[in-house]
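Asker: What follows is the residue order along each chain.
There are 2 protein chains.
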Amino acid sequence: MSYLPVKQLLQTEPGQTVTVKGWVRTKRESKNAVFVAINDGSTIHTIQAVAEAGFLPDETLRLITTGACVAITGELVPSQGAGQAVEVQIADVHIYGPADPEKYPLQPKRHSLEFLREIAHLRPRTNTFSAILRIRHALAFAVHKYYNDNGFFYLNTPIITASDAEGAGEMFRVSTLDPLNPPKTEDGKVDYSQDFFGRETNLTVSGQLEGELGALALGKIYTFGPTFRAENSNTTRHLAEFWMIEPEMAFFELEDNMNLAEDFVKTVIRYALDNCADDLAFLENRLKEEEKTKKKEEQSEMTLTEKLRFVVDNDFERLTYTEAVEILRNSKPAKKGQFQYEVSWGIDLQSEHERYLVEKHFKKPVILTNYPRAIKSFYMKQDDESAAAPGPTVRAMDVLFPGIGEIIGGSQREDNLEKLTTRMAEVGIADEAIWWYLDTRRFGSAPHSGFGLGFERLVLFVSGMSNIRDVIPFPRAPKSAEF
Amino acid sequence: MSYLPVKQLLQTEPGQTVTVKGWVRTKRESKNAVFVAINDGSTIHTIQAVAEAGFLPDETLRLITTGACVAITGELVPSQGAGQAVEVQIADVHIYGPADPEKYPLQPKRHSLEFLREIAHLRPRTNTFSAILRIRHALAFAVHKYYNDNGFFYLNTPIITASDAEGAGEMFRVSTLDPLNPPKTEDGKVDYSQDFFGRETNLTVSGQLEGELGALALGKIYTFGPTFRAENSNTTRHLAEFWMIEPEMAFFELEDNMNLAEDFVKTVIRYALDNCADDLAFLENRLKEEEKTKKKEEQSEMTLTEKLRFVVDNDFERLTYTEAVEILRNSKPAKKGQFQYEVSWGIDLQSEHERYLVEKHFKKPVILTNYPRAIKSFYMKQDDESAAAPGPTVRAMDVLFPGIGEIIGGSQREDNLEKLTTRMAEVGIADEAIWWYLDTRRFGSAPHSGFGLGFERLVLFVSGMSNIRDVIPFPRAPKSAEF
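Those protein sequence lines, which keep their order, are chains A and B. Using this note's numbering, read the first sequence as starting at 409 and increasing by one per residue. Using this note's numbering, read the second sequence as starting at 409 and increasing by one per residue.
Keep in mind the hints are simulated off the structure, nothing from the lab. Be a bit skeptical, because a hint or two may be false.
No distinction is drawn between identical chains; accordingly, a pair holds when it is met within one copy or between any pair of copies.
Said to hold, decoys possible - Heads up, simulated EDC-like pairs for lysine to aspartate or glutamate below, C-alpha to C-alpha not over 20 Å straight-line: (1) 887 with 840; (2) 597 with 586; (3) 827 with 508; (4) 511 with 826; (5) 887 with 586; (6) 553 with 682; (7) 827 with 847; (8) 553 with 460; (9) 887 with 599; (10) 597 with 639.
Hey, can you work out the whole structure from these sequences and the hints?
Answerer: Written as C-alpha cells, this is what we have:
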C-alpha cells in the first residue's frame, strides 16, 4: 500500500482516502470521539486521526498508546479543531508494534536532557531530538552543497593514520595485536612491525595535512569526516569523536581564507533558516522555556532565530590578535580585575576574553588574525617581521561566535620549505615523520590556506542547545560508548 | 589578484587580460615560441600559455618545468593550435614553487599504477588520479543529493563502538591503555574498565544497527561514513578502511528496498555521466589502452560509458536465490564441470557464479533475493515457510554488477522480537549485548528495510579502474598506512 509521509500529508488537499504510517504521540478520548496524534519523523508536526467514540474495537483502542507504531487509513478531511488544516477520519487501524505504557520510557511528559542521554537509542523519537537531527542533516547537506557549488572536491582523508601531525593532543591507538601479550622488540618495546599496518597507528585528529596534498593537486578540496581526541575531559563542549569540515585551497591567502570562512558559515546558516523553519521555531520555544529558569542577566537578549539572522546579516569584525589584546587590556573587566586570567601579548586568549570581545565589545562574530607564533601550529605561515606586533606572528585566523567561542580555526600555510623545516625542528617534529608533506613544498609549492570547523559546534549554535552531547546521535566521551 | 580556475578560463571569451595559476604539465619549445600547458586540478584539461621565443628571461624559462607552480598573466586570445579554443599570450610569469626535474617523480611519461600507489601524496597531480578524484567527489555529492531530494536524513552513526553487531569479521581495537603493561583484572585479563571508554571498544564494521534506531524515529535515514575490516587479505577488492552508504527506511518491505536500491544506483551513475563527461572520456581511453594488453576474450565488449549507460537504461533482473541456483545447475559451465565450486541449494554463491549470472546469463545487473537463512545475518527478516525454497530463507537482497560482483547487500529487517531473539540465540549473540537494538522491537516495532553500498566499489565501477586502492586517496591495507 503506497502512503505519504506526514510532512506531505499535511499539505495534501482533503477529500481522498489516505494511509498514514507512524508512531502514536498522544491519544485523547472525549465523550464523542478519540483523537490520535501520529508522527513519522518527516516533520516536527503530527497528523491527527479521529474516530467517533465506539467506532474502534476496545482491543484496538487499548493498543493505541504513546510509542505504538500504526498504519491508519481513512479519508483526509478538513480539520474541525485548531492547529491543523486536515485530519484523517479513521476507517481502519493496523497496529504494527505496540508500546507497553508500563515499560515504554518516552511517555508524553517532559524528560530531562540528562535522562534522554541515557536512552540515546530512543531520544530521536522526541520532538527536541528529531528537530535537532533534521537540522543536523540540513546543515550537513548545506555544507556539501556549498562546496560543490563553489568548485571544491570532497576528499576523504584517512581515519587511521601513522602520523600525529597536528600534535593536537592525545590519540586513540588502533591495533590488532594481542592486547595481553603483544610481541616485543629486543629492547622490550611493543613490536608494532607485527601489527596490522606494520607500524603504530592512531585515529586521526585532523585531515588537514592530507587535505593540503589534495589542494596542491586539485586546487580546492574539503573534508567532512570523523576526527578523534582522547582527552579525558568531561565538558559540555568536547567529544571524543566528532565530525570536522576542513576546506583547503591553493592560491588562497589569509584574506581569501577569511572571506571564504565568513561566506561559508553564513550560507549554511541561511540554508537552515530557509529550510528548517518549523524545527527552528520548536527549538526557539524550547530555549525560551529553558532561559526562564536562568537569572535575568544570563538570559539571551535575542531569540534563537534572531541570533541566527544576526550572524547571517552582519559583517564579521576582523582584527589582529595584537589589536584584540589592546582592547582587552583597556576593557572595564581588565581594569576592575574581573578577568580570571590577566591579558598580555603572547598569552593564549581564554574563553572569558573571547566572550568579552564577541558578546560585550563587538556584539557580533569576530575573526582574530595574526596570532603569536609561539601559541600556534608549526604549519602556519610566518608573518614578515613588522612593527605592528611585539613578537613573531603567523597568519592564523580564529572565528569566534557568541556562546560558542572558537567555531573555526585556520591559517594560511607555510609554503616555504626552509621556514617550515626550521619551525618543525624548533617544536621537535622530524622531517622524516612527514616527508610526504614536505614534498609539496619541494615540488611546485604554492601559497595556500585552509580552516577547520567542528560540525557539532555549528549544530550547537544553530539548534540553541547547550551540551554538545545533545547534537550528535550517539556521543562518545570518557567512560561512555553505549549504543 | 583575482583569477579564474582553468575550467572557467577555457570557457571565457577571448580579448581580456587574465591570470592563470596552476602547475606546469609540459613545456614545449619551438624555433619561434614556447608553449606551456598548465593544469590547476579544476578540470582534466590544461590551458596553453604561449610566448615568443626570447620573450622570457632564461632564468624564468629554466624554472618552467613539469610540476612547477606558476602564475601567468596575459591576454586571453583565440588559440592558433588545435585542441583548445583559447590560450594565454604570456605577458608575465611568476614562479611560486619550482620542481627540480632531477628530483620530481612525476615527469611527463607513463607511470605504472603500482609506482603511483607508492607516491599517493603526489598522484592526484596526474590526469588519471585527478579524474578519479573528481568523479569520486561527484558521486559522493550525488549520494547526498539523492537522499536529500527523497526525504532522507543523514545520520552519523558512531565510528568507535562497543558492539560487534554485524559479526562481520575481525575488528580493530581502539584503546588508550598502556600497550606494554595494560591493567589486568584478578583473573588475568585486560581490565578494559580502566580504558578510555570504560569498556572494550572497536572501530565500526557497519552503522546499520544504529541506522535502524534512526529509521524507527525519523522514518528514512542514511549513513555515509568510514567503516573498517581488520581482514588480513591483500586483494584488489578489499580495503581495511572504506566508506559505506547505508540507507534504512521504516515501512519499506523487500520490494520497496529493491526499488530504492535500483533507483539510487542508477541516479548517481546518471549524475556522473551528466557531470563528469570529460573525466569519463579520459578514463574510457585509459581503459581502452589497458585492455589492448589483455587477451581478446578478456576484453570488455563495451566501452566505459557504454557500460554505465547500459546500467542506467536497463531494468535490473530480479530473481530469488533458489531460482538462481536452478539456472546455475543447468548452466553450461556446471554441466562441463567448469565451476570451481559445485552449486547446490544452501551454498554461499561464489564470485564465479555471480559473474556467470550477471555477465553471461542475464548480461545486466541482477538482484538476488530470499537467500538461505543459514548464510545470512541474524537481523534479516525470516520468510514464511514456502514450497518455493528447499529450506528456510530470509528477505535478503544482493545487487550484483558486472566486473564488480556484489555492490549492494541488504534486506528487510526482522521486526518480530521473538523471532529475532530466537535467531540471536542460535548464532550466539546475547540479548544484553544489543539491548538497545531489541528495544526498537519492544516499543513501536515497524516493518523496515535497508542496504549497504561500498562507496569504493561504486567508484571502481564508474571509473573503470581495477584495483580498489586506486579509487580512494590514501588506501589502508595490511602493512600499508603511509601518508
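Asker: Compare the structure with each hint and give your call.
Answerer: Hints, one by one, checked against the model:
{"no.": "1", "hint": "887 with 840", "in the structure": "between (36 Å within a copy, 18 Å between copies)"}
{"no.": "2", "hint": "597 with 586", "in the structure": "both (14 Å within a copy, 11 Å between copies)"}
{"no.": "3", "hint": "827 with 508", "in the structure": "between (67 Å within a copy, 19 Å between copies)"}
{"no.": "4", "hint": "511 with 826", "in the structure": "between (67 Å within a copy, 17 Å between copies)"}
{"no.": "5", "hint": "887 with 586", "in the structure": "between (23 Å within a copy, 17 Å between copies)"}
{"no.": "6", "hint": "553 with 682", "in the structure": "both (14 Å within a copy, 17 Å between copies)"}
{"no.": "7", "hint": "827 with 847", "in the structure": "within (14 Å within a copy, 58 Å between copies)"}
{"no.": "8", "hint": "553 with 460", "in the structure": "neither (48 Å within a copy, 43 Å between copies)"}
{"no.": "9", "hint": "887 with 599", "in the structure": "between (28 Å within a copy, 13 Å between copies)"}
{"no.": "10", "hint": "597 with 639", "in the structure": "neither (24 Å within a copy, 25 Å between copies)"}
Violated hints, in rising order: 8, 10; the structure is consistent with all others.
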